[in-house]
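Same order as they appear, the protein sequences are chains L and A.
According to this note's numbering, the first sequence is numbered sequentially starting from 1.
According to this note's numbering, the second sequence is numbered sequentially starting from 244.
No lab work stands behind these hints, which were simulated from the structure alone.
Mixed in with the good hints, there may be bad ones.
What the hints assert, rightly or not - DSSO-like cross-link-like pairs, simulated, lysine-lysine; straight-line CA separation at most 30 Å: (1) K275/A x K715/A; (2) K629/A x K600/A; (3) K426/A x K542/A; (4) K324/A x K275/A; (5) K426/A x K680/A; (6) K434/A x K629/A; (7) K65/L x K680/A; (8) K550/A x K629/A; (9) K68/L x K324/A; (10) K65/L x K324/A; (11) K629/A x K602/A; (12) K629/A x K65/L.
These figures come from a predicted structure and were not determined experimentally.
Below, each chain spelled out in residue letters.
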Amino acid sequence: MLTGVYASLFYVATALLVGGLGFRIWEYARTPAPLKIPIPPAPTTRRGVVLRILRELVLFAAVFKANKWIWLFGWVFHAALLVVLLRHLRYFTEPVWEWVVVVQPFGVYAGFAMVAGLLGLWARRLLVARIRYISAPSDHLMLVLLIAIAASGLLMKYVAPTDIVALKSFFLGLILFDWQPIPRDPVLLVHLGLVAALMIVFPFSKLLHAPGLFFSPTLNQVDNPRERRHLANWARELEIGRN
Amino acid sequence: MEQLEPPQTGTRELADPLEIPDLAPGCMSASKPYAAAAEFQEALGYPGELVENWHDVAIAKMGELRGKYRSFRVFLDSCVKCGACTDKCHYFLGTGDPKNMPVARQDLLRQVYRRHFTLAGKFVPWLVGAKDLTTEVIDDWYSYFHQCSQCRRCSVFCPIGIDTAEISMAGREIMDSIGKGQKYSNEIIGKVHKIGNNLGLPAKALKATLADLEEEVLEDTGVPVRFPVDEAGADILLVTPSADFFAEPHIAGLIGYAKVFHQAGARWTISSYASEAANFGLFIGSYENMREIALRIRKAAIDLGVKRIVFGECGHAWRVAYSFLNTLAGSFDFLDQNYPIPQHICEYTNDLIEGGKLKFDKAKNDHIRLTFHDSCNVARGSSMGKTPGGQFEIPRAILRASCSHFYDMAPDTIRESTFCCGGGGGLLTDDLIELRKKGAQPRMRALQQVAEDHGVTHMAAICAICKAQFSKVLPMYGFDMEAIVSVHQMVSNAIILDPIGDGAQTGEN
Ligand code: SF4
Ligand code: SF4
Numbered sequence: 001m002l003t004g005v006y007a008s009l010f011y012v013a014t015a016l017l018v019g020g021l022g023f024r025i026w027e028y029a030r031t032p033a034p035l036k037i038p039i040p041p042a043p044t045t046r047r048g049v050v051l052r053i054l055r056e057l058v059l060f061a062a063v064f065k066a067n068k069w070i071w072l073f074g075w076v077f078h079a080a081l082l083v084v085l086l087r088h089l090r091y092f093t094e095p096v097w098e099w100v101v102v103v104q105p106f107g108v109y110a111g112f113a114m115v116a117g118l119l120g121l122w123a124r125r126l127l128v129a130r131i132r133y134i135s136a137p138s139d140h141l142m143l144v145l146l147i148a149i150a151a152s153g154l155l156m157k158y159v160a161p162t163d164i165v166a167l168k169s170f171f172l173g174l175i176l177f178d179w180q181p182i183p184r185d186p187v188l189l190v191h192l193g194l195v196a197a198l199m200i201v202f203p204f205s206k207l208l209h210a211p212g213l214f215f216s217p218t219l220n221q222v223d224n225p226r227e228r229r230h231l232a233n234w235a236r237e238l239e240i241g242r243n
Numbered sequence: 244m245e246q247l248e249p250p251q252t253g254t255r256e257l258a259d260p261l262e263i264p265d266l267a268p269g270c271m272s273a274s275k276p277y278a279a280a281a282e283f284q285e286a287l288g289y290p291g292e293l294v295e296n297w298h299d300v301a302i303a304k305m306g307e308l309r310g311k312y313r314s315f316r317v318f319l320d321s322c323v324k325c326g327a328c329t330d331k332c333h334y335f336l337g338t339g340d341p342k343n344m345p346v347a348r349q350d351l352l353r354q355v356y357r358r359h360f361t362l363a364g365k366f367v368p369w370l371v372g373a374k375d376l377t378t379e380v381i382d383d384w385y386s387y388f389h390q391c392s393q394c395r396r397c398s399v400f401c402p403i404g405i406d407t408a409e410i411s412m413a414g415r416e417i418m419d420s421i422g423k424g425q426k427y428s429n430e431i432i433g434k435v436h437k438i439g440n441n442l443g444l445p446a447k448a449l450k451a452t453l454a455d456l457e458e459e460v461l462e463d464t465g466v467p468v469r470f471p472v473d474e475a476g477a478d479i480l481l482v483t484p485s486a487d488f489f490a491e492p493h494i495a496g497l498i499g500y501a502k503v504f505h506q507a508g509a510r511w512t513i514s515s516y517a518s519e520a521a522n523f524g525l526f527i528g529s530y531e532n533m534r535e536i537a538l539r540i541r542k543a544a545i546d547l548g549v550k551r552i553v554f555g556e557c558g559h560a561w562r563v564a565y566s567f568l569n570t571l572a573g574s575f576d577f578l579d580q581n582y583p584i585p586q587h588i589c590e591y592t593n594d595l596i597e598g599g600k601l602k603f604d605k606a607k608n609d610h611i612r613l614t615f616h617d618s619c620n621v622a623r624g625s626s627m628g629k630t631p632g633g634q635f636e637i638p639r640a641i642l643r644a645s646c647s648h649f650y651d652m653a654p655d656t657i658r659e660s661t662f663c664c665g666g667g668g669g670l671l672t673d674d675l676i677e678l679r680k681k682g683a684q685p686r687m688r689a690l691q692q693v694a695e696d697h698g699v700t701h702m703a704a705i706c707a708i709c710k711a712q713f714s715k716v717l718p719m720y721g722f723d724m725e726a727i728v729s730v731h732q733m734v735s736n737a738i739i740l741d742p743i744g745d746g747a748q749t750g751e752n
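If we strip away everything but chain L, and leave its shape as in the complex, we get:
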């Protein structure tokens, strides 16, 4: 029964995450950007654009310029999240890939770093009047959700370990459509439930900033409007009958 609930939950969550995100990306891709609006420092080549987006993606360069605290907490959180996600790959692969094994020991520190970064961001959201002003309940809730996910994960690592072997066979079973029982540890069940919730809200929330970064015309356009004419389809229609 419990296994069935969680199995279905993860199928639904995955479908919504992949489908929802795919739909959003499709929407973004097909919506034209009729005017060239890159912001400086604007690259003049495609290669430059790729580098620029990488810089934003990896270094958070704009935020660094804007505010060192937001940068510190935001960057630490995202970097730690990445390591933690990579570490979790071992629950979904058999045999575990070599480089995932290498990441393992860092994963634990990353768990703490993630919580630290999130608490820092939340503290700013609560304490800095400007940021408190722009926060909706959902902005607080999103941080609470992420903190709860990280905390329940750490709890399993240090306080209430779960049966990792059984857990792994549950997930491999999901992938192979050959269901195996899920361990009945409350902390694990909470952890997984919250993760599924996060997956579900992703395509319907501000977490869309992830694909947004790649589709933002101010960041992804090449600054060459004088060299190449840029014209959206709906704008082309205005030209019918023009001299």
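Knowing the structure of chain L, use the given hints to seat chain A with the ligands on it.
Okay, now just chain A with the ligands, sitting in the frame of chain L:
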């Protein structure tokens, strides 16, 4: 707002241009521009007054923009409320009104977008800060989308590159579509469509003005520098903001261009049909109006048979020219492809300087200790020359060539981080003077600093709006009204003229 003391050297505690004010909610909610009268609204194809079903029309317009502009959709979806932009807007720094924080300004539109176009906003509006479109919300839009000069400073600091200017343009377009337009911008656009320039200056008056100018320069210099209008067969069409024809210090800049053309031996002309570089269609977010204005330039270029188009000193005009002209009115395959299309007068002048074709007597500018104000639309909406960042380097190179004493303001207030003059984006109107004064504060404080540290006396700019705005607000901050100068005014002061008439080629650049 405190009045600052006149600049004097010595050590004094100066206010920090980046100082973050305490939040003062609602303190600017009463700042609203005059509404456009029905005749001006209708001339642009908008309803004359608030339509009865304004709610539905506005939401439908939002849906339309969402389909036509990726920026609109991505920006409204992607904000993470990180707060990086919250202290980056000069109007926030100058007023403390939290709705002037860029993200809060976007939220005025985002709350309605969420309510109508997102799942969460439809079902749990309270959770995600979604709101219905009410008259109060429209009032907020009208106030605060007219407290954004669309300068894009905020976007430089945003991790997703969210550009609040795009949102305030969309907001203004939605308001126009329900009959709630702004007098200043819409009246001016109407004049351009009808007469060809923002002033409504007819061809005859324009020609008379320029003939007078010709005489004046001849008297001053003894050299017959020409100011041709509508000369078919000229090589270069100069498109310049109409303020250059009558306002100070703009005219001094126009004289500078003419002297440069004279020295280059260029055959150039102004068009009375497209006698305006400014394009306020940008400010109201209207692709159609912007396009119509841009097409006048295309027509003038074809009619006069020119080979090149050069733009005078105007910030947003250069953004529209550099970034959009090819899109709106291209392609320009009938022009000489060996030159950038269009070209900025600073690029033109700088090429001549680099080619050793212009000579300066810098001593003529020795009474001036100069700094440069990067105009936001040039700095963050365009470029110049072939290398990225040319829009920062080229004007400075010209100033250094023509003046011995040049000092930049604090690094986080110039170049891509430059502060708006406070009057851009369709806000250069007397009904918004309070806002203009407060919005100028960060720039004025940065100027105060270089005045203190380096004895700077003057500030150069390449934007007609900046020049007009500074002429007005400099005295409010204890500076001389004439402390603002055109870049080509510095050129005009120092350039050494050959007494050769028009047409004698001393070499093309
Ligand atoms: S574009 Fe400029 S004026 Fe508008 S919100 Fe951003 S910083 Fe402020
Ligand atoms: S910097 Fe960008 S993402 Fe952050 S709050 Fe401002 S608009 Fe939103």
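How the hints compare with the structure:
Proposed proximity of K275/A and K715/A is supported: the alpha carbons are some 19 Å apart, at most 30 Å. Of the supplied pair hints, the one linking K629/A and K600/A holds, its CA atoms being roughly 20 Å apart against a limit of 30 Å. This hinted pair checks out: K426/A and K542/A have alpha carbons roughly 28 Å apart, not beyond 30 Å. For the hint pairing K324/A with K275/A, the CA-to-CA distance comes to about 27 Å; that is within 30 Å, so the pair holds.
Annotation: proposed proximity of K426/A to K680/A holds, straight-line Cα distance about 20 Å (limit 30 Å). In summary, the hint linking K434/A to K629/A is not supported, as the alpha carbons are separated by about 35 Å, beyond the 30 Å threshold. The hinted pair formed by K65/L and K680/A meets the criterion: a straight-line CA distance of about 27 Å does not exceed 30 Å. The hinted pair formed by K550/A and K629/A meets the criterion: a straight-line CA distance of about 20 Å does not exceed 30 Å.
Distance hint between K68/L and K324/A is fulfilled; the C-alpha atoms sit about 16 Å from each other, no more than 30 Å. For the hint linking K65/L to K324/A, the alpha-carbon distance of about 17 Å falls within 30 Å, and the restraint holds. Taken as a hint, the K629/A and K602/A pair is honoured in the structure, with Cα atoms around 24 Å apart against an allowance of 30 Å. Only pairs whose Cα atoms come within 30 Å are accepted, and K629/A paired with K65/L is accepted, the gap being roughly 26 Å.
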